[in-house]
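Given only the sequences and the hints, what does the whole structure look like? Please build it.
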Amino acid sequence: MKSPVSSALNRLVGWARRKSPWAVHFNSGSCNGCDIEILATLPPRHDVERLGIKLQGSPRHADVLIATGPVTRQARDRLRRIYEQMPEPKYVVAIGSCAISGGVFDGCYNCLGGIDKVIPVDAYIPGCPPRPQAIIDGLVKLLQGKKEAPCPPGNEGTAVQEEATA
Amino acid sequence: MTEQALKEAVEILQPWTQETRTPEDGRVDVIVEVKDLLAAVAALHERPWGQLTAITGLDSPESGQIEVIYHFRHRAAVVGLRVRTPRDAASVPTICTIIPSASFFEAELREMLGVDVVGTPHPGKLFIPDDWPEGVYPLRKDFSQQSLLSGAGKPPAATTPDRKPRSFIIPIGPQHPALKEPGHFEFTVDGEIVTNAWARLGYAHRGIEKAMEERTWIQNLYLAERICGICSHVHAMTYCQGVEKLAGVEVPPRARAIRVLMAELERIHSHMLWVGVCAHEAGFETLFMYSWRDRETVMDLLERLSGNRVNYSANVLGGVKFDVNEEQAEAIRKGLDFLEQRLHHYLDVVMKDESFLGRTKGIGALTQAQADRLGTVGPTARASGVSRDMRLDSPYAAYPDLSIKIVVEKTGDLLARFMTRIKELFESVRVIREILDKMPPGDLSVRVRTKIPEGETVSCAEAPRGELFYFIKSCGGDKPDRIKVRTPTLSNWGAVLSTVVGGQLADVPMILAGVDPCFSCNDRMVRIRTGDSEQRDWSWEELRRYGIEYYRWKS
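These protein sequence lines map, in sequence, to chains A and B. So the mapping is simple: this note's numbering equals the position in the first sequence, first residue as 1, plus 15. So the mapping is simple: this note's numbering equals the position in the second sequence, first residue as 1, plus 707.
Hints listed in this document are in silico derivations from the structure and should not be mistaken for laboratory results. The reader is advised that the hints may include incorrect statements.
Claimed, not checked - Straight line, CA to CA, 20 Å or less: simulated SDA-like cross-link-like pairs of lysine to any residue:
#1 B/Lys1186 <-> A/Asp121
#2 B/Lys917 <-> A/Gly122
#3 A/Lys69 <-> B/Arg1000
#4 B/Lys1041 <-> B/Glu1134
#5 B/Lys1041 <-> A/Arg60
#6 B/Lys1041 <-> B/Asp1007
#7 A/Lys132 <-> B/Gln852
#8 A/Lys69 <-> B/Leu994
#9 B/Lys848 <-> A/Gly122
#10 B/Lys1028 <-> B/Asn1015
#11 B/Lys917 <-> A/Asp121
#12 A/Lys105 <-> A/Trp30
#13 A/Lys132 <-> B/Leu855
#14 B/Lys1145 <-> B/Leu1109
#15 A/Lys69 <-> B/Met996
#16 A/Lys34 <-> A/Asp137
#17 B/Lys742 <-> B/Ser798
#18 A/Lys69 <-> B/Glu992
#19 A/Lys69 <-> B/Thr993
#20 A/Lys69 <-> B/Gly990
#21 A/Lys69 <-> B/Phe991
#22 B/Lys742 <-> B/Val717
#23 A/Lys34 <-> A/Ala149
#24 B/Lys1130 <-> B/Arg1040
#25 A/Lys132 <-> B/Pro836
#26 B/Lys1028 <-> A/Cys143
#27 A/Lys132 <-> B/Asp838
#28 B/Lys1028 <-> B/Ser1152
#29 B/Lys848 <-> B/Glu769
#30 B/Lys1186 <-> A/Gly122
#31 A/Lys156 <-> A/Asp62
#32 B/Lys917 <-> A/Gly128
#33 A/Lys132 <-> B/Gln853
#34 B/Lys917 <-> A/Gly117
Below, the structure is given as structure tokens:
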């Protein structure tokens, strides 16, 4: 059932989420290149905080999981746990060639070959590594696609779906 | 001088020597029997002659034997102590009783090659994941991923350690806000004082050494570059130098100069990155922002030269890919002028800021004797007064023609590590100017055949974090037979985990970051304990059970 109040509230929450996503970063066995480029989005040259994007330490406070690396066997459970600890709605961004397909590590015995082998991924940012600008652009594209605030699974009955406004 | 050092080593090892070989200049291989290994290692260690650099295991199914090589280095001289052990009952005694830091290297022997290291102080899983099946050794030649799949459903039986909780343990990682790489640490604390430290790495273990055996010499270039995204150039360069030595080609002088130019630019970007990260651990965000802002200058230069910010792909077998023209050289000079000015500011801040000094002065100090004994390398060793630098000890590429001044500090604390790195930056700036001024003319590369002649070689370089060691073996094909990589971080772990014990918990992140750890380089799983002698190596299941028991015991 749609109520005007919950509809307005939902729109407000969706707007806030789009405007100020908090991201948590996890390295699942990458070479560091991508991680350093993610960090390079923080200092004054790119300064993502001015855009409302904040790198957050705890997965429990995060909206977006920024994951890098080809997922090693040892990191697999941790990646899954971090994803499960994040509150709904949550998005996953796979950064770099090896996070997408295993990249240069494809076929290595200890690599599973990509983030989406373990958890669902919403956006892929290719590159070895992608430039900081590409990372910011990818995040913006992801958030532009999420015009509404999705509801946690199981609550779809009460979900208020709104039309995309743009 | 190198010849003399080698002669001395051969004399020391004389009583146990079965055979002596000289595979190349600056190297001697001494073959001893397994039963004499300990005596031989002890003799080298007691003299003292050099330090243990790495342990390589070579599997040879044809002869039914596994060969273990203990590489010792004294400046440019490298002695390989080789022992052979039967493949189906492979076993060597531990040398940790003589050289404690060897446990990291021995771990690889046990888990990757299935060599039983008798008496090792750290049994249990170190490299490979928790659910790895027993009896599967990835670096053996008959390993196939099939054996991994069929056995993967049967993890080894877990045993619950009988242990009553006595102490408070703070777990950190593998996902944590301080370091951007996965590593798991547990610190036992008594109030604010750390009484025990434990690390479980290997979250970034990708199995690169095995993958290198399956790819061609040229493909491996790209793999070597991606061992680490921070010091990517030095990995590729060390690999290339080794392969070129085997192929017997001489790299043109201009290519060697460009290699050094890239390596020094990389050192600047890596050290500035470190200054930022370490300041961030101290809560000094301003310095982090400043140093990373200025680091972008180097990133721009690297991009201008190579077209990429991180993996520059400058090397090819036999030379380099791109040239440096006058316009680029001018841009580099300008960038360096700016950076040099900023570096003076950083040095000033690090040495004079009272609150920052409170976090660095006297913290995590490592004496010269400790640094030597623990086998530390790079700026960590130099901050403790150990003058060890591959650029001087065993000059490679264009370094023989350049004047490098080694930066050595005495105190070994965090302040000394800051000073060493920042002063090294000045040195790098000076070296780059020198290269640009004396850039030799000529070709950029020579042809290297796709098949590399049979042989073994050792290739070393000074990475930003310390000595990088490659052992390369070719059987004459288009693929290597074995490539062993020993990265500087692996040698520096002992330093971290022994200096945190006894210190404040709040200093732990800075001490951890203080050696500039690089987990992806490290590429392996290590478990280290200091402080007490309790055995700890738990699987996830044991940890879960332990948690349940703990709360039962508490209530």
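Status of each hint after checking the structure:
1. B/Lys1186 <-> A/Asp121: Holds, at about 17 Å.
2. B/Lys917 <-> A/Gly122: OK: B/Lys917 and A/Gly122 at ~10 Å, within 20 Å.
3. A/Lys69 <-> B/Arg1000: Roughly 18 Å between the alpha carbons, so the hint for A/Lys69 and B/Arg1000 holds.
4. B/Lys1041 <-> B/Glu1134: The hint holds at about 16 Å.
5. B/Lys1041 <-> A/Arg60: Roughly 19 Å separates the two Cα atoms, so the pair holds.
6. B/Lys1041 <-> B/Asp1007: holds, 12 Å
7. A/Lys132 <-> B/Gln852: Holds, at about 18 Å.
8. A/Lys69 <-> B/Leu994: With Cα atoms ~19 Å apart, A/Lys69 and B/Leu994 stay inside 20 Å; holds.
9. B/Lys848 <-> A/Gly122: Roughly 16 Å separates the two Cα atoms, so the pair holds.
10. B/Lys1028 <-> B/Asn1015: holds, 13 Å
11. B/Lys917 <-> A/Asp121: holds, 12 Å
12. A/Lys105 <-> A/Trp30: Holds. A/Lys105 to A/Trp30 sits at ~15 Å (cutoff 20 Å).
13. A/Lys132 <-> B/Leu855: Status holds; Cα separation ~18 Å.
14. B/Lys1145 <-> B/Leu1109: holds, 10 Å
15. A/Lys69 <-> B/Met996: holds, 15 Å
16. A/Lys34 <-> A/Asp137: Holds: A/Lys34 and A/Asp137 sit about 18 Å apart, inside 20 Å.
17. B/Lys742 <-> B/Ser798: holds, 11 Å
18. A/Lys69 <-> B/Glu992: At roughly 15 Å apart (the allowed maximum being 20 Å), B/Glu992 and A/Lys69 satisfy the hint.
19. A/Lys69 <-> B/Thr993: Judged against 20 Å, a Cα distance of about 17 Å means the pair holds.
20. A/Lys69 <-> B/Gly990: holds, 17 Å
21. A/Lys69 <-> B/Phe991: Distance of about 18 Å is within 20 Å: holds.
22. B/Lys742 <-> B/Val717: holds, 18 Å
23. A/Lys34 <-> A/Ala149: holds, 18 Å
24. B/Lys1130 <-> B/Arg1040: With a Cα-Cα distance of about 18 Å, the restraint between B/Lys1130 and B/Arg1040 holds, given a limit of 20 Å.
25. A/Lys132 <-> B/Pro836: Roughly 17 Å separates the two Cα atoms, so the pair holds.
26. B/Lys1028 <-> A/Cys143: holds, 18 Å
27. A/Lys132 <-> B/Asp838: With a Cα-Cα distance of about 18 Å, the restraint between A/Lys132 and B/Asp838 holds, given a limit of 20 Å.
28. B/Lys1028 <-> B/Ser1152: holds, 8 Å
29. B/Lys848 <-> B/Glu769: Holds, at about 10 Å.
30. B/Lys1186 <-> A/Gly122: Judged against 20 Å, a Cα distance of about 16 Å means the pair holds.
31. A/Lys156 <-> A/Asp62: holds, 18 Å
32. B/Lys917 <-> A/Gly128: Holds: B/Lys917 and A/Gly128 sit about 16 Å apart, inside 20 Å.
33. A/Lys132 <-> B/Gln853: holds, 19 Å
34. B/Lys917 <-> A/Gly117: This hinted pair holds, its Cα atoms lying about 16 Å apart.
Against the hints set out earlier in the document, no violation occurs for any number.
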